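Going from the sequence shown to the numbering used here is simple: count from 1 and add 961.
These are calculated hints, taken from the structure and not from any lab test.
Some hints could be false.
What the hints assert, rightly or not - Within a straight-line C-alpha distance of at most 27 Å, the following computed DSS-like cross-link-like pairs (lysine-lysine) qualify:
| no. | residue 1 | residue 2 |
| --- | --- | --- |
| 1 | Lys1056 | Lys1249 |
| 2 | Lys1250 | Lys1056 |
| 3 | Lys1236 | Lys1056 |
| 4 | Lys1027 | Lys1200 |
| 5 | Lys1175 | Lys1250 |
| 6 | Lys1032 | Lys1275 |
| 7 | Lys1282 | Lys1200 |
| 8 | Lys1282 | Lys1175 |
| 9 | Lys1027 | Lys1275 |
| 10 | Lys1250 | Lys1236 |
| 11 | Lys1236 | Lys1249 |
| 12 | Lys1275 | Lys1175 |
| 13 | Lys1200 | Lys1175 |
| 14 | Lys1242 | Lys1200 |
| 15 | Lys1200 | Lys1249 |
| 16 | Lys1242 | Lys1056 |
Since we're looking at a predicted model, the values are computed, not measured.
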Amino acid sequence: MVMLLHSVGLLPCSNQQKSFVFHSYYSYRCIVCSSETALSTRRQGLEQVDSKLSSGDERAALSLVKDLQGKPDGLRCFGAARQVPQRLYTLEELKLNGINAASLLSPTDATLGSIERNLQIAGVSGGIVAWKAFDLSSQQLLFLTLGFMFLWTLDLVSFNGGIGSLVLDTIGHTFSQRYHNRVVQHEAGHFLVAYLVGILPRGYTLSSLEALQKEGSLNIQAGSAFVDYEFLEEVNSGKVSATMLNRFSCIALAGVATEYLLYGYAEGGLDDISKLDGLVKSLGFTQKKADSQVRWSVLNTILLLRRHEIARSKLAQAMSKGESVGSCIEIIEDSIDPSDI
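Kindly generate the complete structure, drawing on both the sequences and the hints.
See the structure below:
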């Protein structure tokens, strides 16, 4: 009975017990305060990063991130990803890891392709209806057809097909929830992998309309942008380090890899693959060396995304709400256990 009363605090404790209770409570408060201080330090740092990115000062933003890199009260995950050993992996080895390279590296956008075909059919049908309704002559119909062809050619030449892409993408986001979700997940894959391999994202857009509103150009499509001046400096010098090439190879393939993991195949990302192919060719890689680079990047990226699926899912939700880069980084840091980086 005495032991029970002591446990509920009805009887006085000894000096030793009082000391124990005091130190336990004090230790608990220290842990809580330390945790809150760490979160506050990181949050303040990321707010400064957002401010620097908003003002276009990418070097200062990256410097702030590197100052916080690896610190307990900073950014533990930035550039800290565990990666597979780099060597020539065969297609069979990729298959053993559940990767069908053909489904991943040959994206075909069936959604926008279907929308484009339906618009073409609607255009032809509308032309026939107008011809009949307004009793157009053959000459008038010819001039009308030539006018549409001129506008289509003007878009291709002057805006690199930007107007057409804007129309298709806007219709896709408006009428296809699956298309919208796929784009969000695709960009979340780019963002997450970039951060984990040590490249700072500087912004993202999830639609061509959003890209037009932010950048004021029809030639810019939806996508993620990165603080890449170090990479560009190496490219311009003609000497790209293996570390930098590995980082950007994984980032380039992260979108299609995300789609592959979620849907079993990729629809978007053909431009990403084309850019990576152009990069390795510009560096004078042999076909064997290029294949080695791509296969390693595919395997490494897939394993990163599998390991951090929860972080990618939460990141996609944040990006769909338009959260800032700093807020997205904080979500990644909160979602990944230090032992699982």
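Structure-based check of each hint:
| no. | hint | in the structure |
| --- | --- | --- |
| 1 | Lys1056 with Lys1249 | 19 Å, holds |
| 2 | Lys1250 with Lys1056 | 20 Å, holds |
| 3 | Lys1236 with Lys1056 | 25 Å, holds |
| 4 | Lys1027 with Lys1200 | 24 Å, holds |
| 5 | Lys1175 with Lys1250 | 39 Å, violated |
| 6 | Lys1032 with Lys1275 | 23 Å, holds |
| 7 | Lys1282 with Lys1200 | 39 Å, violated |
| 8 | Lys1282 with Lys1175 | 16 Å, holds |
| 9 | Lys1027 with Lys1275 | 24 Å, holds |
| 10 | Lys1250 with Lys1236 | 17 Å, holds |
| 11 | Lys1236 with Lys1249 | 18 Å, holds |
| 12 | Lys1275 with Lys1175 | 24 Å, holds |
| 13 | Lys1200 with Lys1175 | 33 Å, violated |
| 14 | Lys1242 with Lys1200 | 13 Å, holds |
| 15 | Lys1200 with Lys1249 | 20 Å, holds |
| 16 | Lys1242 with Lys1056 | 26 Å, holds |
The structure fails hints 5, 7, 13 (numbered hints given earlier, in ascending order).
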